[in-house]
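S.K.: Listed below are the residues making up each chain.
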Amino acid sequence: MNLRLRIWRQPGPAAEGALTSYDITGVSPDMSFLEMLDTLNEQLAERGEEPVAFDHDCREGVCGACGMVINGQAHGPERTTACQLHMRHFADGDTIVVEPWRAAAFPVLRDLVVDRGALDRIIGAGGYVTAPTGSAPEAHATPVPKESAETAFENAECIGCGACVAACPNGSAMLFTAAKVVHLGELPQGAPERDSRVLDMVGQMDTEGFGGCTNTGECATACPKGVPLPSIAAMNRDYLRAVRRGGGR
Amino acid sequence: METALPTVLGMALATRTDRRPSPARLLWRSTIGKKAVMAVTGLIMLLYLVSHLLGNLKVFAGPDEMNGYAHWLRTVGEPFLGHEWFVWLARCVLLAAVGLHGVSAYQLSRRDLAARPVPYAARRRATARDSYATRTMRWGGVILALFLVWHILDLTTGTVNPRGRAGHPYENIVATFSTWYGNAIYVVAMLALGLHVRHGFWSAAQTLGVNRPRRERALKATANALALVLTAGFLSIPLAVMTGVVS
Chain A
1 MNLRLRIWRQ PGPAAEGALT SYDITGVSPD MSFLEMLDTL NEQLAERGEE
51 PVAFDHDCRE GVCGACGMVI NGQAHGPERT TACQLHMRHF ADGDTIVVEP
101 WRAAAFPVLR DLVVDRGALD RIIGAGGYVT APTGSAPEAH ATPVPKESAE
151 TAFENAECIG CGACVAACPN GSAMLFTAAK VVHLGELPQG APERDSRVLD
201 MVGQMDTEGF GGCTNTGECA TACPKGVPLP SIAAMNRDYL RAVRRGGGR
Chain B
250 METALPTVLG MALATRTDRR PSPARLLWRS TIGKKAVMAV TGLIMLLYLV
300 SHLLGNLKVF AGPDEMNGYA HWLRTVGEPF LGHEWFVWLA RCVLLAAVGL
350 HGVSAYQLSR RDLAARPVPY AARRRATARD SYATRTMRWG GVILALFLVW
400 HILDLTTGTV NPRGRAGHPY ENIVATFSTW YGNAIYVVAM LALGLHVRHG
450 FWSAAQTLGV NRPRRERALK ATANALALVL TAGFLSIPLA VMTGVVS
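Note that the protein sequences, when read in sequence, are chains A and B.
10 is the number that the numbering used here gives to position 10 of the first sequence; each next residue is one higher, with no gaps.
Count along the second sequence from 1, add 249, and you get the number used in the numbering used here.
I should point out that these hints are in silico values taken from the structure, not numbers from a laboratory.
Built from N, CA and C at the ideal position, the CB exists for glycine as well.
Please note that the accuracy of each hint is not assured.
With a cut-off of at most 20 Å between alpha-carbon atoms, the simulated SDA-like pairs for lysine to any residue come out as follows [unchecked claim]:
{"id": "1", "chain 1": "B", "residue 1": "LYS469", "chain 2": "B", "residue 2": "TYR381"}
{"id": "2", "chain 1": "A", "residue 1": "LYS146", "chain 2": "A", "residue 2": "ALA156"}
{"id": "3", "chain 1": "B", "residue 1": "LYS469", "chain 2": "A", "residue 2": "LYS146"}
{"id": "4", "chain 1": "B", "residue 1": "LYS469", "chain 2": "A", "residue 2": "PRO228"}
{"id": "5", "chain 1": "B", "residue 1": "LYS469", "chain 2": "B", "residue 2": "ALA481"}
{"id": "6", "chain 1": "B", "residue 1": "LYS469", "chain 2": "A", "residue 2": "THR221"}
{"id": "7", "chain 1": "B", "residue 1": "LYS307", "chain 2": "B", "residue 2": "ALA424"}
{"id": "8", "chain 1": "B", "residue 1": "LYS307", "chain 2": "B", "residue 2": "VAL494"}
{"id": "9", "chain 1": "B", "residue 1": "LYS469", "chain 2": "B", "residue 2": "MET386"}
{"id": "10", "chain 1": "B", "residue 1": "LYS469", "chain 2": "B", "residue 2": "VAL459"}
{"id": "11", "chain 1": "A", "residue 1": "LYS146", "chain 2": "B", "residue 2": "ARG463"}
{"id": "12", "chain 1": "B", "residue 1": "LYS469", "chain 2": "B", "residue 2": "LEU295"}
{"id": "13", "chain 1": "B", "residue 1": "LYS469", "chain 2": "B", "residue 2": "ARG384"}
{"id": "14", "chain 1": "B", "residue 1": "LYS307", "chain 2": "B", "residue 2": "HIS320"}
{"id": "15", "chain 1": "A", "residue 1": "LYS146", "chain 2": "A", "residue 2": "ALA220"}
{"id": "16", "chain 1": "B", "residue 1": "LYS469", "chain 2": "B", "residue 2": "MET294"}
{"id": "17", "chain 1": "A", "residue 1": "LYS146", "chain 2": "B", "residue 2": "LEU295"}
{"id": "18", "chain 1": "A", "residue 1": "LYS146", "chain 2": "B", "residue 2": "ARG461"}
Some chain A residues flagged as far from chain B (calculated, every beta-carbon gap over 12 Å) [unchecked claim]:
{"id": "19", "residue": "ASN2"}
{"id": "20", "residue": "GLU49"}
{"id": "21", "residue": "THR80"}
{"id": "22", "residue": "VAL97"}
{"id": "23", "residue": "TRP101"}
{"id": "24", "residue": "ALA141"}
{"id": "25", "residue": "MET205"}
{"id": "26", "residue": "LEU240"}
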């Protein structure tokens, strides 16, 4: 396959960026999107040009490191991560536009790499269980109803890639925050801090400059892990209850 | 992990001593709280619209019925309430609802737009979930706010009404819908209203945490039904005047 790529190139956080066109040859339909970028970088290096910087780690769709907006869609046309998106979903001769996640809370560091520290700070504000629990407890020590376990797991699948923020027209981190709030709030270990957790995490989310939720549903459509939209309703429910109760402290 | 643990404990101990702001302040400062304000005020306005529609449909029963109803509205609660007290009470509640709804929408919109300072170069494909109603909430709201001003000047104060006689709503309604601009403004506003209610009702349910996976379909169906009934119901009046059913 031969493709034309239009990739966002930006040398540094404060530098001006622009979309730059590259023609790439010899792309196999079995390559992942990241392998295709590797191939491009090899070709760029051979020509003595600066390779395209992009985040990546596990390359098997579980770590959440990779992420880019491909033709206007977070992680591209398939509902998966960019590393698990294969070139067979594109046609020979296609022009593909590749941009970094766009959000005020995600400053571009270089090319397609953005600083997602805002998400870490939301987790740091309360996305944990305070009690030190040591190693993994025995599975049946604390019984969890099946429905709660399933809801918690569905939300625990979040890999923090930031696609929800990138896809949201408001650059909102509601789905990300909701995934953690619902995951921990649903389990007995997380229940004691349920009120303070949701208030602290939402407070941090607002401080980071993410937008609000207008219920467009773009986040849940883009989420490679299928965190459902009703999780946002569940977080809203938790938040409003926590405010009524006076914040759990 | 060994080194991270004391930091986590230290944070938890440190945050335990600080006080949270009052619930009202907490709500007004947070995005979720402001959305909740929008949801509640939106539902108040929606409730009013349903009763407003039921009242307006009396236009089909003739001038005596319609004008009698308008007169009765001013006597509700008497002798406990004074003349027109009920109407003014309702107006105060509605004014507060409109004001809070608008201010919240403005502040949230500014925040939302600032959160995506650099737009995407590639146009994103509209997904099934991102409907026309969702995308037109902001400008649709502005259209509705402008219409509200026109509507009050037209049929409450009678300032811009071609007839504008106080205490004769039936004749005023016929007069305004006998002009092309009166009809045009009204039709555009009612279409905007339908779209606004369609996304707004479901959005309010989501914001107030009423939505759950198994309720999603029922809530969306209710939103669509409400939007359709309100738009069709309100539009039936200018249509009746235009076709001569009401004259």
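S.K.: Which of the numbered hints are not met once you compare them with the structure shown?
M.R.: As far as the earlier hints go, 3, 15, 17, 22, 23, 25, 26 are violated by this structure, in ascending order.
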